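Fit chain Y to the given chain Z structure using the hints.
The residues making up each chain are set out below.
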Amino acid sequence: MSTNENAQSRERGKAPAGERVADWADGRLGIYSLAKANMRKIFPDHWSFMLGEICLYSFIIIILTGVYLTLFFHPSMNEVEYHGSYVPLQGQLMSEAFNSTMHISFDVRGGLLIRQIHHWSALIFLAGMFVHMMRVFFTGAFRKPREINWLFGFLLFVLGMFTGFTGYSLPDDLLSGTGVRFTEGAILSMPIVGTYISMFLFGGEFPGHDFVARFYSIHILLLPGIMLGLVVGHLILVFYHKHTQFAGPGKTNKNVVGMPLLPVYMAKAGGFFFLVFGTIAAIAALAQINPVWVFGPYRPDQVSTGAQPDWYMGFAEGLIRFMPGWEVNIWGHTLVLGVFIPLVLFGVVLAALALYPFIESWITGDKREHHILDRPRNAPTRTALGVAWVTMYMITLVGGGNDLWATHFHLSINSITWFVRIFFFVGPVIAYILTKRICLGLQRRDKDKVLHGRETGTIKRLPHGEFIEVHEPLSQEQLFTLTAHEQYEPAAVGPAVDENGVERKIKRSEKLRAKISGAYFGEDQQIPKPTVEEYKEITSGHGHH
Amino acid sequence: MSSQDIPEENLPAEQDSHGHGGVAVADEKNPFADPGLPPHEHRIQDIDERAAKRSERAVALLFTVSMLATVGFIVSYVAIPIDKSIFVFPIGHVSALNFALGLTLGTALFTIGAGAVHWARTLMSDVEVADDRHPIAAEPEVRAKVHADFKQGAKESAIGRRGLIRTTMFGALALVPLSGVMLLRDLGPLPEDKLRHTLWAKGKLLVNMNTNEPLRPSDVAVGSLTFAKPEGLEEHDEDFQNEIAKAALMIVRLQPADIKDKQELEWSHQGIVAYSKICTHVGCPISLYEQQTHHVLCPCHQSTFDLSDGAKVIFGPAGHALPQLRIGVNDEGYLEALGDFEEPVGPAFWERG
Numbered sequence: 001m002s003t004n005e006n007a008q009s010r011e012r013g014k015a016p017a018g019e020r021v022a023d024w025a026d027g028r029l030g031i032y033s034l035a036k037a038n039m040r041k042i043f044p045d046h047w048s049f050m051l052g053e054i055c056l057y058s059f060i061i062i063i064l065t066g067v068y069l070t071l072f073f074h075p076s077m078n079e080v081e082y083h084g085s086y087v088p089l090q091g092q093l094m095s096e097a098f099n100s101t102m103h104i105s106f107d108v109r110g111g112l113l114i115r116q117i118h119h120w121s122a123l124i125f126l127a128g129m130f131v132h133m134m135r136v137f138f139t140g141a142f143r144k145p146r147e148i149n150w151l152f153g154f155l156l157f158v159l160g161m162f163t164g165f166t167g168y169s170l171p172d173d174l175l176s177g178t179g180v181r182f183t184e185g186a187i188l189s190m191p192i193v194g195t196y197i198s199m200f201l202f203g204g205e206f207p208g209h210d211f212v213a214r215f216y217s218i219h220i221l222l223l224p225g226i227m228l229g230l231v232v233g234h235l236i237l238v239f240y241h242k243h244t245q246f247a248g249p250g251k252t253n254k255n256v257v258g259m260p261l262l263p264v265y266m267a268k269a270g271g272f273f274f275l276v277f278g279t280i281a282a283i284a285a286l287a288q289i290n291p292v293w294v295f296g297p298y299r300p301d302q303v304s305t306g307a308q309p310d311w312y313m314g315f316a317e318g319l320i321r322f323m324p325g326w327e328v329n330i331w332g333h334t335l336v337l338g339v340f341i342p343l344v345l346f347g348v349v350l351a352a353l354a355l356y357p358f359i360e361s362w363i364t365g366d367k368r369e370h371h372i373l374d375r376p377r378n379a380p381t382r383t384a385l386g387v388a389w390v391t392m393y394m395i396t397l398v399g400g401g402n403d404l405w406a407t408h409f410h411l412s413i414n415s416i417t418w419f420v421r422i423f424f425f426v427g428p429v430i431a432y433i434l435t436k437r438i439c440l441g442l443q444r445r446d447k448d449k450v451l452h453g454r455e456t457g458t459i460k461r462l463p464h465g466e467f468i469e470v471h472e473p474l475s476q477e478q479l480f481t482l483t484a485h486e487q488y489e490p491a492a493v494g495p496a497v498d499e500n501g502v503e504r505k506i507k508r509s510e511k512l513r514a515k516i517s518g519a520y521f522g523e524d525q526q527i528p529k530p531t532v533e534e535y536k537e538i539t540s541g542h543g544h545h
Numbered sequence: 001m002s003s004q005d006i007p008e009e010n011l012p013a014e015q016d017s018h019g020h021g022g023v024a025v026a027d028e029k030n031p032f033a034d035p036g037l038p039p040h041e042h043r044i045q046d047i048d049e050r051a052a053k054r055s056e057r058a059v060a061l062l063f064t065v066s067m068l069a070t071v072g073f074i075v076s077y078v079a080i081p082i083d084k085s086i087f088v089f090p091i092g093h094v095s096a097l098n099f100a101l102g103l104t105l106g107t108a109l110f111t112i113g114a115g116a117v118h119w120a121r122t123l124m125s126d127v128e129v130a131d132d133r134h135p136i137a138a139e140p141e142v143r144a145k146v147h148a149d150f151k152q153g154a155k156e157s158a159i160g161r162r163g164l165i166r167t168t169m170f171g172a173l174a175l176v177p178l179s180g181v182m183l184l185r186d187l188g189p190l191p192e193d194k195l196r197h198t199l200w201a202k203g204k205l206l207v208n209m210n211t212n213e214p215l216r217p218s219d220v221a222v223g224s225l226t227f228a229k230p231e232g233l234e235e236h237d238e239d240f241q242n243e244i245a246k247a248a249l250m251i252v253r254l255q256p257a258d259i260k261d262k263q264e265l266e267w268s269h270q271g272i273v274a275y276s277k278i279c280t281h282v283g284c285p286i287s288l289y290e291q292q293t294h295h296v297l298c299p300c301h302q303s304t305f306d307l308s309d310g311a312k313v314i315f316g317p318a319g320h321a322l323p324q325l326r327i328g329v330n331d332e333g334y335l336e337a338l339g340d341f342e343e344p345v346g347p348a349f350w351e352r353g
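Line by line, the protein sequences give chains Z and Y. Heads up: the first sequence is residues 1 to 545, going by UniProt numbering. Heads up: the second sequence is residues 1 to 353, going by UniProt numbering.
Same shape as in the complex, but just chain Z (with noise of 0.2 Å):
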């Protein structure tokens, strides 16, 4: 036994000095088992895979630079006066948040790239969860087994909403503190709980000395500490899952096709990584974002005009602006409908994407594992949801931006107001119709591809003088790609009667179910796929299409 052992290390001696630390390093961590698994892992190859990893390395740059930004950075409210090298502030007051953003954006070298980096990788963060969650969305990937794993993106992309919104507040620049105005306002319009939350919140009245400091906190170590954690949950998930695919010669449910990590994600994806942060940096050295000096410090009765939140936040900036400012008054208390409404829905709607999965396995009483993508045309009811959603969406934030509407099209803000007002409403049911109708044209183009074949743009004339167009039968690859999905039956109420002859109560959710899956998959709501007896009845014909 010894001995062999000592064979072995004699010959570990001669072992390349990677090979050794390797065999260290396995020995107190266990880490070849964890190679084993990953070192060589599948990863399937399509463009719409990488808006993650957009998100994931915007994640990082924000990290990065959020760390270089709190070396200079003072989270604090006490008033100086302004003596750094930006002339037209000379001797403003101002708080010492705004005097230190001032500082890193004049006299650090550096500094204002670094503060540059951050914000606008802040807006990809958002913008790229945002844009990945509809992938995910729109092609069925939250599905059993990935539905927590679409929680914890939710979860991610609604905290980074409220990191993004504590960061650029912190300046105390007038264009931030006008939205922490706002935020105080909202939180006062909350029934009951409103003036002790917004007095906790604050310190005291609005704007007091200790938002900067608290956010700071919380922008910093709070909620970034959280997010961290759920982004090594989603990534450990994504790896423990396998990644989905869609379909295509060879790849069925049970297995998935690609490349190895090691090299050749290691490369892409590592490489990604630097792409992604070189082109933020090129932004940031050409395009210049929340210039604080030119807004100057923060006074709560000053403002300027065409003031606008960061994008992600613009949504809130819509349903704030285009509510009726409805205010109740009974027995002695103001209930702020005008307000509190907006509020509630900003939660309602986000909310509603977050159950998105789980109403949808209800419906389709599904319990099987999906690594199979769906094209979107084949989920006509889902895609159009979607699509209802993100115009919703959408018209709120073009709500959000009334005023610019306004000045940069000369139209007038009234009108502009009134239409988003009805259109929240309207523009998703005519988007729902829409995405529905295009939905199952797609599905039945694909029908006829299969059975038909491809139009080649080929005329030809028969000698009988008949012009017909040329058909090219598909590829077998073709073929089971355009085949490949699964289309479910609508759910039925089961019988009144069960095998005994007895009487059964039906549940109303039961009856519910089988409403809305006959609005998912009853009849006109697919286009039934091409059975192998319609192809071999057509193919097998005399050849005429």
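No lab work stands behind these hints, which were simulated from the structure alone. Predicted model only: the values in this text are computed from it and were never measured. Incorrect hints may appear among the rest.
Okay, the calculated beta carbon distance ranges per label pair [claimed, not checked]:
#1 Z:I433 to Y:K260: 46 to 54 Å
#2 Z:A287 to Y:R54: 48 to 56 Å
#3 Y:L68 to Z:A287: 43 to 51 Å
#4 Y:E234 to Z:A287: 34 to 42 Å
#5 Y:R54 to Z:P463: 19 to 27 Å
#6 Y:H147 to Z:I438: 45 to 53 Å
#7 Y:E49 to Z:I433: 24 to 32 Å
#8 Y:L68 to Z:M394: 42 to 50 Å
A virtual CB, placed ideally from N, CA and C, is assigned to each residue, including glycine.
Quick look at chain Y alone, frame taken from chain Z:
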């Protein structure tokens, strides 16, 4: 839920897929069968060593550019003064240092990424391979074992049998977070009637925000918008921000005949009216005044108020009119307040009533 499960036969059948990636030749029976993974198609680099060499040089060139860009970053950091500005078409005048640092850093990073991706795409193997998936849920034996272990553990703890322990433990665990909640109490004071009062009081002069001088009626011209603060409130004061957030005032002069609201006329002085500048929607300072119509507009959410008619809301999301401050003129001819606002200024809240 389980009573509503859809029977297996109602679920769609999976496409005939012949195991994982196995080749299934389309036959008479199923023309739509999975043909299996297509054969690998060689790239030019796989068969032509000269092309591969070209790719290698391209990757090396990108990495070299990155190194040069990093040197450029360091040179820019040292050489360019921080206050130098340059004109860059089409963005205009920008900080030279920020421009140089950003572009060199961006180039240094981007070319590393471009090199790595080009390397992966042209030189690393692009043969697609299939890995098996395994069900996420555990095998039935594992499941049974875990359940049994859990029951065993729970039984050994006697948590089910010793109800007294169980109840008191849950009670203790439920109560202990209250300490944490309690500790939050001193985050701020109670609201009491803080939101109901401002610095304005009988006899306080209206001081022009810009000139810091007390206002006389003659200082307020028809068609102008003047911002005012209560006398004694100075920028350097400890609580200036909190006080101005409530006390900020806007003053306009109308023709008394144009004032439609009776109370507004009574509370005005020679057509001069003073209204809270803080929007009753969510508290933005109102700053846009239309002389012809006497409308004021909040630039944040576009609530519009009619100053000639009690500052009633005529458009936008605000829920009630702007509070008016009752003003008059003192013995020396200066505009003064005749009391505090009679209702809370700013956004509405539950206790406002």
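The hints, checked one at a time:
Look at I433 of chain Z against K260 of chain Y: about 47 Å separates their beta carbons, and that is inside 46 to 54 Å. Checking the proposed 48 to 56 Å range against A287 of chain Z and R54 of chain Y shows it is violated: the Cβ atoms sit about 35 Å from each other. For the hinted restraint 43 to 51 Å between L68 of chain Y and A287 of chain Z, the CB-CB distance of approximately 24 Å leaves it violated. At roughly 40 Å, the beta carbons of E234 of chain Y and A287 of chain Z sit within the given window of 34 to 42 Å.
Evaluation of the 19 to 27 Å hint for R54 of chain Y and P463 of chain Z yields a failure: the beta carbon distance comes to about 53 Å. Range check, H147 of chain Y to I438 of chain Z: about 49 Å between beta-carbon atoms, so the 45 to 53 Å window is met. Between E49 of chain Y and I433 of chain Z the Cβ separation comes to about 58 Å, which falls outside the hinted range of 24 to 32 Å. Between L68 of chain Y and M394 of chain Z the CB atoms are about 43 Å apart, so this pair conforms to the stated range of 42 to 50 Å.
In this structure, the hints that do not hold are numbers 2, 3, 5, 7, in rising order.
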